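Required output: the full structure, derived from the provided sequences and hints.
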Amino acid sequence: MKKYCIAIACIYVISGFAQNEKENTMPDPVSWKIELLFTQDIFNTSYGKNYGFVFKGKKVWLDKNHFTLLYGAAFQNSYISESDNLFTDFVDGYTRDIGAYGVFDISYYPFRKKRLYLSLEPFIGATHLKSKGQLYIPEYSVSEKYKNTYTYFNYGFTQSLGYTINRFSIIGFSWISLKGILDEGRSRPADFDSRLFLGLGVGYTF
Numbered sequence: 017m018k019k020y021c022i023a024i025a026c027i028y029v030i031s032g033f034a035q036n037e038k039e040n041t042m043p044d045p046v047s048w049k050i051e052l053l054f055t056q057d058i059f060n061t062s063y064g065k066n067y068g069f070v071f072k073g074k075k076v077w078l079d080k081n082h083f084t085l086l087y088g089a090a091f092q093n094s095y096i097s098e099s100d101n102l103f104t105d106f107v108d109g110y111t112r113d114i115g116a117y118g119v120f121d122i123s124y125y126p127f128r129k130k131r132l133y134l135s136l137e138p139f140i141g142a143t144h145l146k147s148k149g150q151l152y153i154p155e156y157s158v159s160e161k162y163k164n165t166y167t168y169f170n171y172g173f174t175q176s177l178g179y180t181i182n183r184f185s186i187i188g189f190s191w192i193s194l195k196g197i198l199d200e201g202r203s204r205p206a207d208f209d210s211r212l213f214l215g216l217g218v219g220y221t222f
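Residue numbers for the sequence shown follow the working numbering, beginning at 17 and rising by one.
Simulated from the structure, these hints should not be mistaken for laboratory data.
Note that the structure is predicted; figures quoted are calculated from it, not measured.
By construction, the Cβ of each residue, glycine as well, lies at the ideal position given by its N, Cα and C atoms.
Where hints are given, some of them may not hold.
Each pair of labels, with its calculated beta carbon distance range [said to hold, decoys possible]:
{"no.": "1", "residue 1": "PHE71", "residue 2": "LEU136", "range": "16 to 22 Å"}
{"no.": "2", "residue 1": "LEU132", "residue 2": "SER97", "range": "35 to 41 Å"}
{"no.": "3", "residue 1": "TRP77", "residue 2": "LEU212", "range": "26 to 32 Å"}
{"no.": "4", "residue 1": "SER99", "residue 2": "PRO138", "range": "31 to 37 Å"}
{"no.": "5", "residue 1": "ARG183", "residue 2": "GLU155", "range": "56 to 62 Å"}
{"no.": "6", "residue 1": "PHE120", "residue 2": "ILE186", "range": "46 to 52 Å"}
{"no.": "7", "residue 1": "TYR124", "residue 2": "PRO154", "range": "53 to 59 Å"}
{"no.": "8", "residue 1": "TRP48", "residue 2": "LEU136", "range": "16 to 22 Å"}
{"no.": "9", "residue 1": "PHE169", "residue 2": "ASN81", "range": "35 to 41 Å"}
{"no.": "10", "residue 1": "LYS80", "residue 2": "ILE50", "range": "20 to 26 Å"}
No farther apart than 25 Å at their CA atoms in a straight line, the calculated lysine-lysine pairs in the DSS-like style are these [stated by the list, open to error]:
{"no.": "11", "residue 1": "LYS195", "residue 2": "LYS163"}
{"no.": "12", "residue 1": "LYS148", "residue 2": "LYS80"}
{"no.": "13", "residue 1": "LYS163", "residue 2": "LYS75"}
This is how it looks when you write it as structure tokens:
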């Protein structure tokens, strides 16, 4: 009987150590997600070569089996070289817009393993646009430097399709401003609030 008691006690101690070891090796719950996304407006390349990036930092608010809700902030920087504008040969310059936004991410995971996901992410904030360069028309001896800035309220949403491997994500996305639609900005394709950005990026959760 004494041997049985000792054996049971040993098993209990070993199982306790095993449980502690299992708990120690479990990954910490995810609290934050950062994303770096590279953008291009493929529909307005006739106005010049363009490129940009969006950086996001988001905190997990709710994490369920198929849904994850996050909130945070985004920084957007886009650039277009108007020296390559196909509609005029008289401009040498660029336009850059920088935006800061609050974001709310709704991610849906259709499968039990949370790898593939779809997300809809509304954003709201401000965009600062700067246009700078030189206008020159040699035949009329015209040469004039210009610089314009404009800050406006901006809002819209991002749609993403992503795949998660461990803590890293590969992301394809589209970024669209609703301001450009609701104020008839789609009739002004050169304006940044009427652009549709597409791109790829990576994310990391920790």
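Checked hints:
Taking the beta carbon of each, PHE71 and LEU136 are about 19 Å apart, inside 16 to 22 Å as hinted. Checked against the given bound of 35 to 41 Å, the beta carbons of LEU132 and SER97, roughly 36 Å apart, stay inside it. Separation of TRP77 from LEU212 is about 28 Å and conforms to the stated range, judged on CB atoms against 26 to 32 Å. Under the hint 31 to 37 Å, the C-beta atoms of SER99 and PRO138, about 35 Å apart, fit the expected range.
Under the hint 56 to 62 Å, the C-beta atoms of ARG183 and GLU155, about 60 Å apart, fit the expected range. Remark: the range hint 46 to 52 Å for PHE120 to ILE186 is contradicted by a beta-carbon distance near 22 Å. Separation of TYR124 from PRO154 is about 57 Å and conforms to the stated range, judged on CB atoms against 53 to 59 Å. In this structure the supplied range 16 to 22 Å holds for TRP48 paired with LEU136, their Cβ-Cβ distance being about 20 Å.
About 37 Å separates the C-beta atoms of PHE169 and ASN81, a value consistent with the hinted range of 35 to 41 Å. The given range of 20 to 26 Å is respected by LYS80 and ILE50, whose C-beta atoms sit roughly 21 Å from each other. Of the pairs offered as hints, the one joining LYS195 and LYS163 holds, with about 24 Å between alpha carbons and a cut-off of 25 Å not exceeded. Taking the CA atoms of LYS148 and LYS80, the gap is about 48 Å. The hint is violated against a cut of 25 Å.
Of the pairs offered as hints, the one joining LYS163 and LYS75 is violated, with about 38 Å between alpha carbons and a cut-off of 25 Å exceeded.
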